[in-house]
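Student: Here is what each chain is made of, one letter per residue.
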Amino acid sequence: MSDARLEIVGLRAGYGRRVVLEEISLAIGAGEWFVLLGPNGCGKSTLLDCVVGRLQPAGGEIRIAGLSLTNDPLQAKQRLGYGCAPERLPGLLTARQCLEVHAGAKGLTEVAPDLLALAEDLRFLPYLDSFVDTLSLGTRQKLSVLLCLLGDPQLIVLDEAFNGLDPGSALVVKRHLRARLERSGAALLLATHALDIVEHHADRTGLLFDGRLRREWSKPEISALRQRGMGLDEAMAAALAEQSRA
Amino acid sequence: MIAANRWRRRSRTDVLYAVAAATAWLLVTAGLLWARASFGSLLGRFARHPVLLALVAGLAAAALTGRRRAHIQSEAPRSWLAAVPVAPLVARAESLTLTVAPVIWIGAAVTLLFLTAAAAALVDGMPTARLTAAYGAAMAGLGLGTLMSYLMPLTRPEVLPPGSRYVPKSGSRRARPLEPSLAPLGIWAVRYVFASARPEAVTRATIPVLLLMPLGTFADAAMLVLAIAAVSAGMLMLIVATLKVSASSASWLRPLPVRRAALARHVVLRPLVAFGIAGGVLSWLLWAFHTYAGKP
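Sequences listed follow chains A and B, in order. Mapping of the first sequence onto my numbering: position 61 corresponds to residue 61, and the numbering continues sequentially without gaps. Mapping of the second sequence onto my numbering: position 77 corresponds to residue 77, and the numbering continues sequentially without gaps.
Calculated directly from the structure, the hints in this document are not laboratory data. Just to be clear, a hint being listed does not mean it is correct.
[What the hints assert, rightly or not] The calculated lysine-lysine pairs, modelled on DSSO-like cross-linking and capped at a C-alpha distance of 30 Å, are: (1) A/Lys174 x A/Lys219; (2) A/Lys106 x B/Lys169; (3) B/Lys244 x A/Lys174.
Owing to the predicted nature of the structure, the values given are computational and were not obtained by experimental measurement.
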């Protein structure tokens, strides 16, 4: 059995007749921070929706920590943590109730102390008994991250998780995620447009374009680009231009 | 050509809406013709009070136009079209059309109702003069009300607060540990009902009930009718809220390892208990009303 926390083989997905993803294959290993980049509308969120079981793929296989999402969805989802978009959180529940429901759904008996410590570091605890619809975007984003990390997931999936977070809180989250990956061997799949995260935190980066994973960069490759005085944005633009010509 | 192109561009959904509206009107017309004796007496009552009709129509038109004006004034500068250069005359005409649109729709509905009632009266060979006078009064009221609203100062635009403002909160401020459980899902639907029952919505829903009460109604009967209407509306809202919350929670919790049966049980259980209690209260109110109505 491989130690991959996420394995995607030949994934195809779309909405009705519109094909959004074609033949996506990807493996993310234990302790790896993988960033998914791509222009708007290229299918990043669709790929994440397939990985977390929100969208039924048209073909292919997704395995989370070795468990098939199609054949064994409950066990596979037990090992998954997903930070949903802040606007999807239920406005009429309190932050405490959201955490309790998520923990209840994962069959936990208590919330881990390290998560409560993270909530304290994010200065989130004063908002525990506030209704979600009264929270600011950044505070809802913090709640979304906390919900994602409940139950010590082996695969963490985040979609634009740093949007709306103040720089201090974003740094706390980044450090916590890195420490968690090193400690528990979890893997992180993050879809974002923030290139600073790629340059400073990612172990590997993939470029999604026209429904296919067109290019990957490893950490040494990104460092080499920087040494040549070339930014990742320029490398991305070059790769996209090359694909368009092809 | 323009008409043909317009028709070509029109989607099937629009055509379906038009067919549905025409069918609904035909059904209403058939119903009115079938029950024209009681409908006629009801219209007769209205027709005897043209001034009252004009007053109600005028107030409705003034309120609707005033609200629209306030809304347009607050939203127009933020519109995505605000930066587009438009001739002042065109902008004014557009603003006027948008402002009076609800009154035009009401006028169209009143006209349709008048035509239907006049047709029913003509079929029976009844005179239509009183009906025409009532129609004229209603339309004049709509027109005058619209004009009057332009003389009144603008109301403040309505800024809706978060729905949770109307949800009762527990008084306990004691810090307690997080207790994993799906039980809060049951509270969600009940809160949804409270969040929907904004004071403005409750007031607007109460006014028609009060207006429908015949003159000379005693206060205790009115209280009973209002309570019955409130509990019935609450029960209906609870059903709608439970359906909405069921869909929302299924979508929110789809990435989690929770069985659908467990989710449904937790979402439905508390609303079911609340529904049972409300049903009991409604039965008691109906019994009380029945007893009251049976008194000599």
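Student: Against this structure, judge whether each hint is valid.
Tutor: Against the structure, the hints:
Between the alpha carbons of lysine 174 of chain A and lysine 219 of chain A the distance comes to roughly 17 Å, so the proposed pair stays at or under 30 Å and holds. With a C-alpha separation of about 27 Å, the suggested pair lysine 106 of chain A and lysine 169 of chain B falls inside the 30 Å cut-off, and the hint holds. Restraint check: the Cα-Cα separation between lysine 244 of chain B and lysine 174 of chain A comes to about 36 Å, which exceeds 30 Å; the hinted pair is violated.
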